[in-house]
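With the numbering used here applied, the sequence shown covers 1 to 443.
Hint data in this document are derived by calculation from the structure and do not stem from the laboratory.
Mixed in with the good hints, there may be bad ones.
As the list claims (entries may be wrong) - For each label pair, taking beta carbons as the anchor points, the in silico distance ranges come out as:
hint, residue 1, residue 2, range
1, F313, H177, 39 to 49 Å
2, W154, A341, 13 to 23 Å
3, R309, Y84, 34 to 44 Å
4, I97, S64, 32 to 42 Å
5, G167, L72, 51 to 61 Å
6, F199, L147, 32 to 42 Å
As the list claims (entries may be wrong) - The calculated lysine-lysine pairs, modelled on DSBU-like cross-linking and capped at a C-alpha distance of 30 Å, are:
hint, residue 1, residue 2
7, K362, K351
8, K311, K351
9, K353, K311
10, K311, K362
Since the model is a prediction, treat every value here as computed from it, not as a measurement.
All C-beta atoms, glycine included, are put in the ideal place defined by N, C-alpha and C.
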Amino acid sequence: MKSPVFPSLKDIHGHGFPKQKIPFAWPSIPAFVVPHRMRRKLRSQLRSRQSPASSLSALQTSWSPRGTVHALRSYRWSLYDLHYLFLVTIGVFCLAIVETPGPIVKTLITVTLMISMVLPITRQFSIPFFSIFIYLILFYSCRFIPLEMRPPIWSRVLPALENIIYGANLSNILSAHTNTFLDLLAWFPYGIVHFTGPFVVSAIMFIFGAPGTLRVYATSFGYINIIGVLCQVLFPCAPPWYENLHGLEPPNYSMTGSPAGLARIDALLGFDIYTSAFTGSPMVFGAMPSLHAGTATMHVAFLAHLFPRAKYFLYSYVLWIWWATLYLQHHYAVDLIAGSALAIAIFLIAKTKFLARLQVDKMTRWDYDYTEIGNAPESYGLQRINTDYNFDSDEWTVGSSSSISSGTMSPADETNSLWESQTLTSLHDSDLEAQDVIVDDRR
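Please work from the sequences and hints to get the whole structure.
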């Protein structure tokens, strides 16, 4: 007979003693520490058992164009996006003046590029590297610029500046005495690292940089080359080897380039790579500014940002390639200063406006739970924080998130609405849901 007061074990749910719930709740996260919408997104990630860090650093794997359409609809355009119009204008002009390849190949290249920007799996790479693609087209198309559009070539300006600043031609002084050891020492940074360095640095930026660092580096690298080539087209100057080969003969655009000191490398190693490359270069009179010095300075600046303890060792590489450029007679010293100054200016803009700050306790991109854009604050206060795990909006511009276009220091969510400003006295009822988050924020 069952007791009317005490139920039997069979009547108890689960065939055992019921679990007693301890009246304990995690306190709500203060609104001034983490805004409401960010807490809600974090709770969603934790409930779905997905790490915020893994979502932040995840790559797009979708082939559906719907993701691109969604990104365009939710993206907030800003003045920073005008640089795409600048790149497209240069690209259209270059394709218009290029004679070879023909229109079929040019159309195929254009369609392929457009398709790569529509598919999410390729868009995450094609859009950040779009500036590098435009640079390659611009450099190749320089040979097809009509003569009536080209300015006169300056052959005495740079030697005069060299003598005024330094009192002598440093390139002639350093190249007066040559030997095999010095040739190889100059060839390594100028002829090998300069062309392989961007791939190595890109891999380092992707692995050890915060999410988004590679996109900023790629755009900066593309722009320093675009600006450098435009300066060389608008202000063509003869390099040091021209004075040694042609003397005071007036230069013209029918002249071919010269490998200068790299010709000794071809003779030493028994191949004809540098002689063929420089004699057929579309940019013969591109001494000012030196893109060898500029790109080397750009690489060192980004690497020093990730590895500040190695900055002095990295700075020595810039001096190394400076010496190699002068020794091989490809640039004057004023060209090197101009190239490095251009790189420093672009890097400072990127670091101030778009580059994610380094977090000393993070080693790789997969360790980041959030990213903070811009320089470190001089005082306490909330900074611009990027927690858009899908990076839909960020893929359309390097670093210029919705917070920049809106003029606020807080990013926007997927619906383009900004975080709601809250104080300690204006907590919403939904804040009580923070008790599900296993985080003790009272510390």
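Now the hints, each set against the structure:
{"no.": "1", "hint": "F313 with H177: 39 to 49 Å", "in the structure": "28 Å, violated"}
{"no.": "2", "hint": "W154 with A341: 13 to 23 Å", "in the structure": "19 Å, holds"}
{"no.": "3", "hint": "R309 with Y84: 34 to 44 Å", "in the structure": "37 Å, holds"}
{"no.": "4", "hint": "I97 with S64: 32 to 42 Å", "in the structure": "37 Å, holds"}
{"no.": "5", "hint": "G167 with L72: 51 to 61 Å", "in the structure": "57 Å, holds"}
{"no.": "6", "hint": "F199 with L147: 32 to 42 Å", "in the structure": "36 Å, holds"}
{"no.": "7", "hint": "K362 with K351", "in the structure": "18 Å, holds"}
{"no.": "8", "hint": "K311 with K351", "in the structure": "16 Å, holds"}
{"no.": "9", "hint": "K353 with K311", "in the structure": "22 Å, holds"}
{"no.": "10", "hint": "K311 with K362", "in the structure": "18 Å, holds"}
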